[in-house]
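Sequences listed follow chains A, B, C and D, in order.
So in numbering that gives the first Met the number 0, spot 253 of the first sequence is number 252, and the numbers just go up one at a time.
So in numbering that gives the first Met the number 0, spot 28 of the second sequence is number 27, and the numbers just go up one at a time.
So in numbering that gives the first Met the number 0, spot 1 of the third sequence is number 0, and the numbers just go up one at a time.
So in numbering that gives the first Met the number 0, spot 67 of the fourth sequence is number 66, and the numbers just go up one at a time.
For the record, the hints were derived by calculation from the structure and aren't laboratory data.
Please read these numbers as outputs of a predicted model, since none were measured by experiment.
There may be inaccurate statements among the hints.
Derived contacts from chain D toward chain C, CB cut-off under 7 Å, selection only [claimed, not checked]:
(1) 41
(2) 43
(3) 46
(4) 49
(5) 53
(6) 54
(7) 55
(8) 81
(9) 83
(10) 85
(11) 86
(12) 116
(13) 120
(14) 121
(15) 139
List time: in silico DSSO-like cross-link candidates among lysine-lysine, alpha-carbon distance up to 30 Å [what the hints assert, rightly or not]:
(16) C:33 x A:348
(17) B:8 x C:328
(18) C:375 x A:348
(19) C:195 x A:43
(20) B:130 x D:92
(21) B:88 x C:353
(22) C:38 x D:92
(23) D:92 x B:151
(24) B:130 x C:375
(25) A:344 x C:38
(26) C:375 x B:124
(27) B:88 x C:239
(28) C:239 x B:48
(29) C:64 x B:151
In this text, a Cβ means the ideal position worked out from N, Cα and C, and glycines have one as well.
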Amino acid sequence: MFDYTYLPAPNLIPSIVEMMLKIVFIFSMNMGVFAPLLGWVERKQSALMQDRIGANRAEIFGFTVFGLLHTVTDAIKLLTKEDFIPRGADRPLHYLAPFIAVVPSLVAFAVIPFGGKYMLWGHEVNLVIADLNVGMLYVFAVASLATYGAVIAGWASNNSWSMLGSMRVGAQMLSYEVAMGLTLVGIFMVYGSLQLTTIGMAQENFFHWGIFLQPLGFILFIACALAENKRTPFDMPEAESELIAGYFTEYSGLKFAMFWMAEFLEMVTIAAVLVALFFGGWHIPFITHQGLIAAMGYLFGANFGAIAAMIIHVAVFWLKVVVWIMILMLIRWSLPRFRFDQVMKLGWKIVLPLALANIFITGLVLLAVR
Amino acid sequence: MGRLIDLCKRKLGDTVLSAHEQHGDETVVIRKDALLTVLRWLRDDDAMKFDFMMDLTAVDYLGTRARSERFEVVYHLFSLKNNHRLRVKTLVADDDPVTESVVTVWVAANWFEREVWDMYGIIFKGHPNMKRILLYEEFEGHPLRKDYNIRKRQPLIGPEN
Amino acid sequence: MENRHQLDLNTELMVLNMGPSHPATHGTVRFFIKLDGEKIIHMETEIGYLHRAFEKHCEDGTWSKAFPYTDRLNYNSAPQNNVAYALAVEKLMGMADKVPARTVYIRTIMCELSRMADHYTNLGAATLELGALTAFLYFVEARELTWDLIESVCGARLTSNYVRIGGLASDLPEGFAGKVKEVFAKNRVFWDEFDKLLTKNRIFLDRMRDTGAISRDDAIAYAFTGPCLRAAGVEYDVRKASPYLAYGNVDFDIPVGTTGDNFDRYLVRMEEIRQSERIIEQCLAQMPSGPININDAAVRNPSKEEVKSNMASMIFHFKNTIEGIQVPKGEVYVPTEGSNGEVGFYLVSQGGGKPWKCRVRPPCFALTQAMGHMCKGSFLADIIPTFDMINLIGGECDR
Amino acid sequence: MGVTREERNIEAALGDSVILTQVDKVIGWGRKYSFFLYPFITACCGMEFMSVAGPRYDLDRFGAALPRFSPRQADLLFVVGTISHKQAPILNKVYNQMAEPKWVFAFGACVCSGGMYNNYSTVQGIDTILPVDVYVPGCPPRPEMVFDGLLKLQELVANERSSKWPRGKSQYEPRVKR
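Isolated chain A, as found in the complex:
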């Protein structure tokens, strides 16, 4: 056992290497695994729910790989599709919008811890790209930037449906951004920090998971997160039967695919935030962080044991994320969508007051406990 509080003087080169590796890992997880794969998961999961088979025909040399190749064919098709800009559109903004939509959900991942702290050969590895002390505030700030992508897309397209879609995005995001921030205040009060790594460490004890300490906050957060994600039942901005395709009606090919990707990445981010805040992050229930490292250290020696523990923790984290993504998809495929004014009503008249009440109750309980 080494002293966990002991921090070695930062060694520049390992730190840079560590940083690069983490960025590459998160980026490849998101862009390489989740963005393309979620399309497949969504297809297959909906097929399963609807008693269908789902995409399974695309093949290379007779191998269909459970329809996974459809992801590749979709990518090829979308890459070779004509890139279309409507007459009267604002060209630069029309180009810019999809990028603005995609980037925030990637960047938001910077502060989400996907593992704890490990000592490897005297160098401390902290599995989060940027351990900001404002943590969640940064996520909020960045996530709200994604709204601009949708709003600009609708504005730049010079199309009534797009315009309506982007107006809906604007109003919806504005409403739920506020509520979302307030639902999490309870969590911050309980754990006494905005820093996601601190919140993560505080959930080492199974009964200290966010879901047990903040059940109401959790439910409210789910509602807000779904609304932020713009998927059914909150998909007003792109409601197919109302607005054709909403703010991206006039986008084709790759740019359209980017909006799609943005939606999927947002879903990953939401699932990751959910796990980090409410479901114990990288922790396995009833096994402490140090306990696992010690056990692995006993098996493989201190350094390799730490690596093994690290791998297990990262795997657990992503597993939880995947489960949450599945649940989000389950919701998406079973519920009808709200009407626009009902969404607003839900946001301002139900979620917001409840969030405030949650803060109040949390405060009272904390006061009583201390």
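Fit chains B, C and D to the known structure of chain A by using the hints.
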């Protein structure tokens, strides 16, 4: 003669040009100028109470009748309260295909009258929006008239075939 | 008030063209909408994108040739239109009471089966457009099973062309009653699942309740019929008001709503599926045996064997095909209860083998007319459930 | 139309270059399993189209399940149901709005040839106003037939040369601008 026909004849007198009953369907033919008053009476009178205008259409009797009686505008009425039906007809001439609009009596007549205008070219005086409904404005002629050839196409795009 | 608020904020109304190629308009309707924000200030409906000259075609061919065209009126429930037309022609020929009892029962069964298929499609499509794709697919499968039954009777899934003047194209297949039992058992599971997913679903309730409402009086003035009229609280169903086919001999209820909003329309349709099942089960239990065709070679063609062996039969076959069945001079209007409301055929015969006029009263024509009235003042998104519950069928509305 | 003479010449000069054909093959493979449909549904056939997309027949198996109601995002124009003369300019417009590459699927007898509606209001086959790739007759066609047509289209797409694109606008303009 049916009960409704008797009632009509007694009340309306000579505005009923003719009446007949066939297969249990009672029909009265009404003079064109009295149409609105008669229909209003049919709607409001307690013994009649025809609150539903189920159907409104026209028939082109080209070649089988005098040209002054070429078209018949046919109203199918139904009374919910009394559960009875009546067919009311009025005759429209070929050279002056105009009759009174009954939109003020039954709102439902609106589109039905537009359809009759579209298909038969009968104008309904007093209709709020006498435009084609099933076909397009550029279409010439009225296809359900017996002298319109079924295959006479008037495409908006593409070749004439 | 409305105007002043606009002046103050210096806002404009947005004019939007919805359709005809819009996911919610079924490809056959165009809405011109004036929007204040998302609120509908004025709405106009344009139809006619599926006008296929039904009446002209009927006048062009013989009496029997009209059957395939009637199939494609309300294509969701083709046998109903077949039956309605056949009933009208038979009445015009004065042989309505000569149609064999078995035929009457089979026709009733086919009508109700297609009503079920129609309601499955309608309710499913409505949920699809409200975003609940999974529920939609449950009912697509239920409809598929119902179509299997229809297919086993007449060989076609959708456009059946099954009924003939004075009879039917074919008798029920063997073991039909058993198959019906199986299918109904499966369909009830789908029905329950659908019910569980939606009827008490808060989101669905919010979308359907108090939207597209029409009062009892307005519904009557607009000549509403069918589920939409009954949802508004008027207990009118042709099957009860003037029973035709075997409806007088079976026991069933007509569900009636109170508010006339979309949710009531939904409930009425859900219940009607149940009632149709009841009717079919009773019909199968009461099913008489005997011939299915009227015994009159001048109306219903003799069998193929006879045509090939008997001179007189061959002449009838020839004359029925070339000249058409001879219908005496006269006119007739026969109302029947279609899935959307009263389907009435108004036939005029000048004697001879061709109809002089063959008019169908299209129920959803009258319903669609009231769209502007029902949607005024509501939100853009309300058009979707309202329009779905109207169940506009292009073929029937535009003919 | 959209392709200039010069471009065609470049195509011709490169001819059956191995690289180009291989690229074409890969692109063709990608495209054939990834049709995003634009369901232009007007009439009876739409009911069968529901079944085609439904659980029993499941169009998604062929990778063609995602309906995009924005023509910009669709590749395959599914014309389902009778096209009347009133509708024809709209169909034409939708076709012109679609981003290349685009294919047209004629679903049902009415779309192929006018079917049983040889009358004043019905277009006698949409190939009179735009190019059609696959014809599936039937009134309405059974889902099995639709799949047959789709497989034929996949074959066609797989063997397509990139020189075929862009296809350009429909050669017809509406007589009346509205």
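Here is what the structure says about each hint:
Taken as an interface hint, residue 41 of chain D checks out: its beta carbon lies about 4 Å from the nearest beta carbon of chain C, inside 7 Å. The beta carbon of residue 43 of chain D comes within 4 Å of a beta carbon in chain C, closer than 7 Å, and the hint placing it at the interface holds. The beta carbon of residue 46 of chain D is positioned within 7 Å of a beta carbon in chain C (closest approach about 6 Å), and the interface hint is therefore held. Look at residue 49 of chain D: its Cβ gets to within about 6 Å of chain C, closer than 7 Å, so that hint holds up.
Interface restraint check: residue 53 of chain D against chain C, minimum CB-CB distance 4 Å, threshold 7 Å, status holds. Nearest Cβ of chain C to the Cβ of residue 54 of chain D: about 5 Å, under the 7 Å cut. The hint holds. Checking residue 55 of chain D against chain C by beta carbon gives a least distance of about 5 Å; that is within 7 Å, so the hint holds. Annotation: interface hint on residue 81 of chain D holds; nearest CB of chain C at approximately 6 Å, less than 7 Å.
At a threshold of 7 Å, the smallest CB-CB gap from residue 83 of chain D to chain C is about 6 Å, leaving the interface hint in force. Because the beta carbon of residue 85 of chain D sits about 5 Å from the nearest beta carbon in chain C, less than 7 Å, this interface hint is met. A distance limit of 7 Å between C-beta atoms decides the matter here; for residue 86 of chain D the minimum to chain C is near 5 Å, and the interface restraint holds. For residue 116 of chain D, the shortest C-beta to C-beta distance to chain C is roughly 5 Å, which falls under 7 Å, so the interface hint holds.
At about 5 Å, the closest approach between the beta carbon of residue 120 of chain D and any beta carbon in chain C falls short of 7 Å, and the interface hint on this residue holds. The closest approach between the C-beta of residue 121 of chain D and any C-beta of chain C is roughly 6 Å, which is under the 7 Å cut-off, so the hint is satisfied. A least Cβ separation of about 6 Å between residue 139 of chain D and chain C falls short of the 7 Å threshold, and the interface hint therefore holds. A threshold of 30 Å between alpha carbons decides the hint, and for residue 33 of chain C with residue 348 of chain A the separation of about 29 Å falls inside it, so the pair holds.
Our distance criterion of 30 Å between C-alpha atoms is met by residue 8 of chain B and residue 328 of chain C, whose separation comes to about 25 Å. Between residue 375 of chain C and residue 348 of chain A, the direct Cα distance comes to roughly 26 Å. Compliance with the 30 Å bound is thereby established for this hinted pair. This hinted pair checks out: residue 195 of chain C and residue 43 of chain A have alpha carbons roughly 23 Å apart, not beyond 30 Å. Note on residue 130 of chain B and residue 92 of chain D: the hinted pairing holds, with a Cα-Cα distance of about 25 Å set against a maximum of 30 Å.
A distance of roughly 22 Å separates the Cα atoms of residue 88 of chain B and residue 353 of chain C; the hinted pair therefore holds under the 30 Å criterion. With a C-alpha separation of about 29 Å, the suggested pairing of residue 38 of chain C with residue 92 of chain D holds against the 30 Å cut-off. For a cut-off of 30 Å, the pair hint linking residue 92 of chain D to residue 151 of chain B stands: about 24 Å separates their Cα positions. A distance of roughly 22 Å separates the Cα atoms of residue 130 of chain B and residue 375 of chain C; the hinted pair therefore holds under the 30 Å criterion.
This hinted pair checks out: residue 344 of chain A and residue 38 of chain C have alpha carbons roughly 16 Å apart, not beyond 30 Å. Only pairs whose Cα atoms come within 30 Å are accepted, and residue 375 of chain C paired with residue 124 of chain B is accepted, the gap being roughly 27 Å. Restraint check: the Cα-Cα separation between residue 88 of chain B and residue 239 of chain C comes to about 27 Å, which is no more than 30 Å; the hinted pair holds. The suggested pairing of residue 239 of chain C with residue 48 of chain B holds, with an alpha-carbon distance near 19 Å, which does not exceed 30 Å.
The hinted pair formed by residue 64 of chain C and residue 151 of chain B meets the criterion: a straight-line CA distance of about 21 Å does not exceed 30 Å.
Consistency note: the structure conflicts with none of the earlier hints.
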